[in-house]
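Undergrad: Listed below, chain by chain, are the residues.
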Amino acid sequence: MLPLTHNADSFVYLEDAMPASLIGTEESWAWLLAPELSGRVALQADAAIGAIDAALAVEASGLMRFGDIGNLSIEEIDALIAILIDFKRRGHFAGFWSSFAEAAQLMIANKVAIQSIWSPATIELERAGLKFRLARPREGYRAWFGGIGISRLAHGRVLDAAYDYLNWWQEGWAGATVARQGFYISNPERSRAHMDAAEWSYWYDGARASADLPGPTSKHLVPLGQMRDGGSYLARMSRIAVWDSVMDEHNYLVRRWTEFMRS
Amino acid sequence: MTRRAGAPRSTRPDATARRVPDIDSTDVSPEADGRLRYRVIHDQLKSAIALGNIAPGLVLLEGPVARIFGTSRVPVRKAFEMLHAGGLLITFEGRGYLVARADGSAPEPLRAPISEEALGFDRPPEPLDIPTNAERIYDSLEAAISLGIVFGHFRIDESNAAEAFGVSRGTVREVLNRLRDRGLVEKSAYSHWLCGPLTARAVRQDYELRTLLEPAALRASAPTLPREKLEAALRDIERAIDDPDTVHAAALHHLETTLHDTFLAGASNRKLLATISHAHMPLIVNHAFYDAFRLHPEMGTLTEHRTVIELLLQAKFDAASEALAAHLRNGETRTRQRLKVLAVLPDPNLPAYMQRIA
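Just so you know, the sequences run in chain order C and E. Start counting the first sequence at 0; every next residue gets the next number (numbering that gives the first Met the number 0). Start counting the second sequence at 0; every next residue gets the next number (numbering that gives the first Met the number 0).
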């Protein structure tokens with residue numbers, strides 16, 4: 000597989016909705032399970048990613064410890080799901096989202112005050128004028144990467160076309176485009192040629208926007224003076240708590256997570 | 000895997016067998032002739048005597064031989080009479096028959112317990128009874144449960160299944176008990192039949208067991224494997240390697256059972272073989288996987304099979320059993336990866352007697 004896009008994720012929260020007990024303390028995944036925020040929390044619905052966010056929150060809250068959050072055992076999955084179902088029955092969660100648009104909507108509609116998030120949603124939150132922060136949790140980020148593989152059934156022209164497509168991803172334009180959504184590409188130097196210096200500084204160096212910058216679409220702009228939470232590429236990527244993975248017990252996790260969703 | 004090897008011998012009461020004596024009156028088609036009990040018993044004993052696998056002078060009694068074949072005494076009596084007529088068995092001053100010497104002369108009576116080994120069988124004879132209801136529904140239940148456990152945790156409703164198959168609850172229970180022996184279902188404290196969910200841990204444990212045991216079984220079985228069988232298996236695997244796109248799930252399953260079941264069956268340690276057959280869940284997973292995705296076999300699996308068979312043909316039994324161990328280690332990784340992929344499949348249509356718990 001050719002590794003391409005990657006990022007370090009965490010959660011987002013509305014500054015004005017945070018209780019005094021949390022404001023001023025270091026940001027932590029434990030906030031997602033803070034009793035003060037009960038009823039105003041959302042998680043992502045996807046089992047593979049949502050369970051890792053939830054496990055980070057459970058461990059940060061001191062409710063249990065995991066051997067390897069990236070590869071949970073059957074007993075750990077059972078214990079994690081039991082805790083989550085308990086929180087859900089107490090009404091802790093206001094929603095579960097499946098796309099970044101849904102995530103943005105939950106916050107814009109003022110249903111949730113804190114939730115795990117994917118980068119493009121933050122741009123929607125900005126557009127809506129919300130005062131939010133993307134957390135830099137003391138435990139570290141949940142990182143992920145995506146890539147492309149070629150089917151062994153591809154031959155001849157199809158195989159050539161597949162390689163052309165991989166090459167296109169690496170030529171720089173695609174890398175610059177995903178950068179404007181807050182993602183990183185595996186060969187950033189190629190992207191630099193497709194971004195001006197101010198854009199590069201904003202997205203990769205974590206600098207303040209020295210001009211209005213293009214966003215992911217023509218509708219979105221990064222306004223002059225804005226700065227990303229979390230800092231530079233290096234600052235984010237050197238604070239990884241866990242990488243997304245398809246765990247050995249992925250099958251079991253998905254079935255148990257589905258129970259949590261239905262509970 | 001052969002389920003017959005693991006299935007208990009017929010429990011058919013003698014009375015039933017007497018009603019349907021040595022001729023299977025319900026099935027008179029020509030190919031049924033080979034299944035006539037007395038004929039199978041006759042042929043097996045005849046070939047064992049001819050090969051010198053039964054000690055001359057061994058006293059053969061109807062009862063113990065009938066038990067080994069899982070039949071009533073009637074077909075055994077008839078087989079004995081035919082063997083006697085052929086000069087392979089001789090009468091003497093006691094109950095039963097003596098096995099004659101190769102030259103037809105009468106040896107001293109040898110009174111020894113009659114076992115499969117004493118009768119010269121390198122594997123248990125096939126049970127000779129026509130399929131019972133339990134045997135008829137075994138495959139369907141096994142298939143439904145094997146598929147179901149990949150997708151969750153289920154309770155199997157006995158009466159629902161009895162209705163679905165048109166058999167008694169006792170019959171369903173008998174089959175479920177056999178499947179429990181195979182490790183496919185379990186019984187809860189409240190006597191509910193439960194199955195699944197299949198975990199990577201269960202797959203790993205099965206492979207660990209198989210990696211420890213199958214090479215030992217192959218080492219023991221290898222010298223007994225007839226050359227023709229090995230050559231046929233090599234031809235099958237070569238054909239699959241040349242044209243993998245023609246190998247469908249059922250054909251792949253056949254290749255798998257040839258190596259992991261048939262080729263091990265010559266090992267004389269029955270407990271060893273039974274334990275191995277209980278650890279064959281991964282074969283079921285792989286079958287479900289290939290079937291679900293209509294995939295053709297992956298080349299690594301095929302070439303590893305070929306290596307083992309080639310070494311067996313060269314009589315390099317130690318190397319063959321090491322190659323089998325390596326194949327199983329690779330198979331574990333492949334099966335675990337397949338299991339992850341199965342998680343993205345939507346639930347299949349399962350029969351109503353499979354009731355989802357989770």
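Accuracy of the hints is not assured; some may be wrong.
[Said to hold, decoys possible] Selected chain C positions facing chain E (Cβ under 10 Å, derived; list incomplete): (1) Ser118; (2) Tyr162; (3) Leu165; (4) Gln169; (5) Arg191; (6) His193; (7) Met246; (8) Asp247; (9) Glu248; (10) Asn250; (11) Val253; (12) Arg254; (13) Glu258; (14) Met260.
[As the list claims (entries may be wrong)] With beta-carbon atoms standing in for the labels, derived distance ranges: (15) C:Arg137 to E:His277: 23 to 33 Å; (16) E:His277 to C:Asn186: 45 to 55 Å; (17) C:Asp67 to E:Glu297: 44 to 54 Å; (18) E:Asp242 to C:Gly155: 51 to 61 Å; (19) C:Met0 to E:Asp241: 21 to 31 Å; (20) E:His277 to C:Asp67: 51 to 61 Å.
What the hints contain is simulated information worked out from the structure, not anything from laboratory work. Please read all numbers here as calculations on a predicted model, not as lab measurements. Built from N, CA and C at the ideal position, the CB exists for glycine as well.
Undergrad: State for each hint whether it applies.
TA: Hints, verified against the model:
1. For C:Ser118, the shortest C-beta to C-beta distance to chain E is roughly 24 Å, which exceeds 10 Å, and the interface hint is violated.
2. Below 10 Å, beta-carbon pairs count as interface contacts, and C:Tyr162 has none with chain E, the closest being about 22 Å; its hint is therefore violated.
3. For C:Leu165, the shortest C-beta to C-beta distance to chain E is roughly 22 Å, which exceeds 10 Å, and the interface hint is violated.
4. Residue-level restraint check for C:Gln169 is violated (minimum Cβ-Cβ distance to chain E is 27 Å; threshold 10 Å).
5. The interface hint given for C:Arg191 is broken, as the beta carbon of that residue sits about 37 Å from the closest beta carbon of chain E, more than 10 Å.
6. A least Cβ separation of about 34 Å between C:His193 and chain E goes past the 10 Å threshold, and the interface hint is therefore violated.
7. Evaluation of the C:Met246 hint against chain E yields a held restraint, the C-beta minimum of about 8 Å falling below 10 Å.
8. Interface restraint check for C:Asp247: the shortest CB-CB distance to chain E comes to about 4 Å, inside 10 Å, so the restraint holds.
9. Because the closest C-beta pair between C:Glu248 and chain E is about 5 Å apart, less than 10 Å, the hint holds.
10. Interface hint at C:Asn250: satisfied, since its Cβ lies 4 Å from the closest Cβ of chain E, which is below the 10 Å cut-off.
11. Here the hint on C:Val253 is kept, as its CB sits about 5 Å from the closest CB of chain E, short of 10 Å.
12. This hint holds: C:Arg254 has a C-beta 5 Å from the nearest C-beta of chain E, less than the 10 Å allowed.
13. Residue-level restraint check for C:Glu258 holds (minimum Cβ-Cβ distance to chain E is 5 Å; threshold 10 Å).
14. Here the hint on C:Met260 is broken, as its CB sits about 12 Å from the closest CB of chain E, past 10 Å.
15. In this structure the supplied range 23 to 33 Å is violated for C:Arg137 paired with E:His277, their Cβ-Cβ distance being about 49 Å.
16. Restraint check, E:His277 to C:Asn186: a C-beta distance of roughly 51 Å satisfies the suggested window 45 to 55 Å.
17. In this structure the supplied range 44 to 54 Å is violated for C:Asp67 paired with E:Glu297, their Cβ-Cβ distance being about 28 Å.
18. Between E:Asp242 and C:Gly155 the CB atoms are about 19 Å apart, so this pair departs from the stated range of 51 to 61 Å.
19. A beta carbon spacing of about 29 Å between C:Met0 and E:Asp241 agrees with the range 21 to 31 Å that was offered as a hint.
20. One distance hint, 51 to 61 Å for the beta-carbon pair E:His277 and C:Asp67, is violated here, with the actual separation near 30 Å.
Checked against the numbered hints given earlier, this structure breaks hints 1, 2, 3, 4, 5, 6, 14, 15, 17, 18, 20; the rest are met.
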